[in-house]
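Undergrad: So the protein sequences, as listed, match chains A and B.
For the first sequence, this note's numbering assigns the number 509 to the initial residue and increments by one for each residue that follows.
For the second sequence, this note's numbering assigns the number 509 to the initial residue and increments by one for each residue that follows.
In short, the hints are calculated from the structure, not lab data.
Backbone N, C-alpha and C define an ideal beta-carbon position, used for all residues, glycine too.
A couple of the hints might just be wrong.
Stated by the list, open to error - Rough simulated footprint, nothing fancy, chain A against chain B, three-plus residues with beta-carbon under 8 Å: (1) 805–813; (2) 823–832; (3) 1092–1106.
Claimed, not checked - Straight-line distance between alpha carbons at most 27 Å, and here's what the computed DSS-like set of lysine-lysine pairs gives: (4) Lys827(A) to Lys777(A); (5) Lys832(A) to Lys827(B); (6) Lys1102(A) to Lys638(B); (7) Lys832(A) to Lys1080(A).
2 protein chains.
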Amino acid sequence: MNILNKKIELIINSEKGKDIIRVKSGGNLFNVLIDKGIFIDSPCNGKGICGKCKVKVIKGLKKPTPLDIKQLAKEELESGFRLSCNFTINEDTEIVLLEKNKDMKVLINGTEQQYTLDTVVKKKYLVIEKPSINDQRDDYRRLSDACESDDLLIDLQYLPQISNLLRETDFNVTASLYKNRLLHLENGNCLQQNYGLAVDIGTTTIVIYLLNLNDGKVIDIDSRVNNQRSYGADVVSRINFTIENPKGLGILKDNIVSQLNDMIELLCKKNNISEDNIYDIVIVGNTIMIHLLLGLPCENITRSPYIPVVTKALELEAKEIGIKTKGMVSLLPGISAFVGSDITAGILSCGMLNSEKYSLLLDLGTNGEIALGNKNEVVTCSTAAGPAFEGTNIKHGIGAVKGAISKVDLSRDKIYETIGNEKPCGICGSGVLDAVAQFVKFGILDEAGRMAGADEVENKDYQNRIVEVDNMRQFILVQNSIHEESITFTQKDVREVQLAKAAVCAGIKILLKEKNINFNEIEKVYIGGGFGNYMDIESSVDIGMIPKELKGKIESVGNCAGGGAKTYLLSKQIRENAADIINKTTYIELSKRKDFQEYFIDSMILD
Amino acid sequence: MNILNKKIELIINSEKGKDIIRVKSGGNLFNVLIDKGIFIDSPCNGKGICGKCKVKVIKGLKKPTPLDIKQLAKEELESGFRLSCNFTINEDTEIVLLEKNKDMKVLINGTEQQYTLDTVVKKKYLVIEKPSINDQRDDYRRLSDACESDDLLIDLQYLPQISNLLRETDFNVTASLYKNRLLHLENGNCLQQNYGLAVDIGTTTIVIYLLNLNDGKVIDIDSRVNNQRSYGADVVSRINFTIENPKGLGILKDNIVSQLNDMIELLCKKNNISEDNIYDIVIVGNTIMIHLLLGLPCENITRSPYIPVVTKALELEAKEIGIKTKGMVSLLPGISAFVGSDITAGILSCGMLNSEKYSLLLDLGTNGEIALGNKNEVVTCSTAAGPAFEGTNIKHGIGAVKGAISKVDLSRDKIYETIGNEKPCGICGSGVLDAVAQFVKFGILDEAGRMAGADEVENKDYQNRIVEVDNMRQFILVQNSIHEESITFTQKDVREVQLAKAAVCAGIKILLKEKNINFNEIEKVYIGGGFGNYMDIESSVDIGMIPKELKGKIESVGNCAGGGAKTYLLSKQIRENAADIINKTTYIELSKRKDFQEYFIDSMILD
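Chain A with its partners taken away, still in its complex shape (with noise of 0.2 Å):
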């Protein structure tokens, strides 16, 4: 016997008690978790980088590893805990998970949020009545009657086929109903077959998590880089694409959806499902995203008075809109131009509305999107807070990639890390934030961002570190990266950043100023989005992004966007949540608010 291929038992110890489970030898014991749909928080997806995913293991622990050293504090080491992301599981093993202290009460998965599951779909195993000279009911009713509604609704390019389902089955059927539409007829009993899709398109990343709705589990998840960035890093160059080009629109539309299909129909494959199974696909991004997969204009989203097609929460088909399974799609509803579903379903999962306190959500990227709500009311506004964030208008920034530099540190000999600890080939968003801190820190910024000259710094290093090419002042990061040129930071990407951070500091202060509350009186300041995952929180602070008073109440919730999708898609109760959301809330146009551009103004010093 291969002992890769032999099973092996895991042990799992958490509050609700204990589970023994069966594994494979040689499995990540993260990967493992996820699999088996037991959550554990993670807002870095297992790349080692967050240390959030720690369990304490009580048999089978193995020495630590470098990263485990790296993550975890001594004493958690020695009381047991490792990285689950870093575990390999190769002999019987027992572990308890954190107990989820309030820190952690808001995962990524954003199942955590209370709801009970109930999805819109539901299957039903009917064995039906047959046809006779004394039951001449159609087959139509037939089956209504069978799935006891009065009013179920049969797609007339269905029709055709339901009389020989009936008959080739013998009239013993599982019928797959989205409310009262009948979406599918299997032969025989297929209760067990029953899945669906959470999917957060983001304008780079795609992401889907495949579900088991009999019991609300995550069974897979993929993610890939936005196809659609071909056309454009950034929402505004695909807006352009649409508008100068006049199949613009349609070739957007057909690059997501065909996109979909690939990513859906490998997931099937891969989980061994069938796609037709898949009842239904809750779909959350921003609302550009989901204009341009629901192949709907963009150009009055893009100028004064910034108006979309829609931003309400929908049901359609999949076919309508070309997505190749039998069921629906649902997206979320959204709240205006530049405050998406994706936000909506981070206010809905984050924890933003369980308290009568104030918490603050924030999503960074192009646009900094910002939420201020309770359980009563939320207020919503979006800066533009350019991409620097996402490292597009920095000299040498780049996505959150392999080798992106995502700290720095000036007081370390080896003055950045990269993601995966790879060569450095360029800066990433979180990096970004953490240089602009540092040379603050550190004398090479001064409060109002201007970066000292060579002759201007004490520090040896520096002075050697700080050039001037053609007029413009940077700072050499790296000498010799594998592109074999310097990585720099210069003037310009300070000021870029200067910008982004006003904005989201004064977009903060606007939401505040707007309900009349004080930092006091905020609870939590949520981080979502994948820049949330790498952000330094203190050069956040330090940097004057996030207002010094909300320190210590910062927190990551990962890819909340995600786990709202996810709720979305378990619960009705979550469904009829999202609706009263957006009745509750209420959006900040800033452009036109002359106090936010004091506050902006105001919020671009660096201290």
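Take the given structure of chain A and dock chain B to it, following the hints.
TA: Just chain B, lined up with the frame of chain A:
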């Protein structure tokens, strides 16, 4: 000025008061009345056959024509009554419409049923507040608010257009709604352009009524032979075509859909109406015609226990079926495989539901559908009458076309009449019925239906007319037809009629037995369908098709299926009534009833 184009005055006195309209000189009075939406009883639809369209002319009276003299009594002629279908208006004219007496209550147009004009389609002219930085509602929401709808439904195929439509029209639009569904957005105030169709798809004929949904008036009517006839004259041969030919169902579906599209296009062109303004199309037909229209397999209908795919009322987007209008298609509910939505429409419009007393409705064709009911309940059956009444399995049988022998009277010199007084080319259903009745009356047939030999009759003329060809006796009706051969009526033809009439008579008796009522309790016998227009009521009783006890109660109601479709188009209340009929209607399957066989055999005799 051309005298034919001179506008003259027509004054119409009716129960509702006096109407004065301007008409062109040279117009046909019947057509003018129909065009103006003034409905007038005419089972024969203006063909000069039924005599029911008579009006009293009090100004502009003309000498009676031969047709007036034939159809109207001497006293009527002297009082100024004339057939409107035979009256040309070429001077100022004043008429009095008949008071609607009981016998005239049910009109071909079916609109005398009580209902309030209240269509499902609503048009709204909207002057919508324009977006601004202080009112950033998305276009969908803005439109929903303007329509005062919480759940406005906009098809994903239409949604991409609405933003441009709103801006091109400066937010000044007319919205057409079907329930909560947006069908159409138009520039400015287009409330006047609001049309619907009532469609009766018969096995033989398709009739389309174009109606103005604002006033409920019929604008135009088109009727054509159903093009599917090239795939078989009767439903059974068409079903066989769908079974034997793998693409047969698709071919027949495409055939009817494209014929409907052609007819709709022509009606629109002729009346200068845009197809985009046809918002609702109500369709009735027998269950097979509806299955073929929807592309539904029919094989289970033809074999016991005779199960259709669907009989319920359906509301579909026209484009789902393939019909090229922006609007909806509403299908009336049917009752069973052999009692279709045309019968539901007939029940709705014939008047049966107005009374506590029971009435019968007969629709005679290949199948004789029979309904017995009152305002509380309806019981129906379908008898396999065979195509004798449609002339198709009769040696010289033809449909009710020009030149068809529609009446036979052996007491006259010229023993037959043809439709349109054209040269005889065959015999249609009403002629067939007359022939058998006359043969019995004049001793050419005995009670058992045996045709006498030439040597067995005394009348010289009959001796010449009765011949024997290929061992089959036949009676020569016309010696030289335009087809250069004689038109005869054979012993086999007699047998066909006996089978058909026995089936109908037995069906009537079963329904009465089922409800345990006797002939005295029957208030009316409504004869629907095209055949009813021509059928000689006396003959139908003489041959025992309709029991003699019902003789004085028989009334032709013309195209009551089309009439029902029209009211269904115009009134939400009538739609509810239709749903209600279905709930209170029972279908009796005759094939399982032994007593039917007994009644059937009893009813074979001709007496």
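Undergrad: Decide, hint by hint, whether the structure agrees.
TA: Verification of the hints:
no., hint, verdict
1, 805–813, "holds (count 4)"
2, 823–832, "holds (count 3)"
3, 1092–1106, "holds (count 4)"
4, Lys827(A) to Lys777(A), "holds (20 Å)"
5, Lys832(A) to Lys827(B), "holds (21 Å)"
6, Lys1102(A) to Lys638(B), "holds (23 Å)"
7, Lys832(A) to Lys1080(A), "holds (24 Å)"
In this structure, none of the earlier numbered hints is contradicted; all agree with it.
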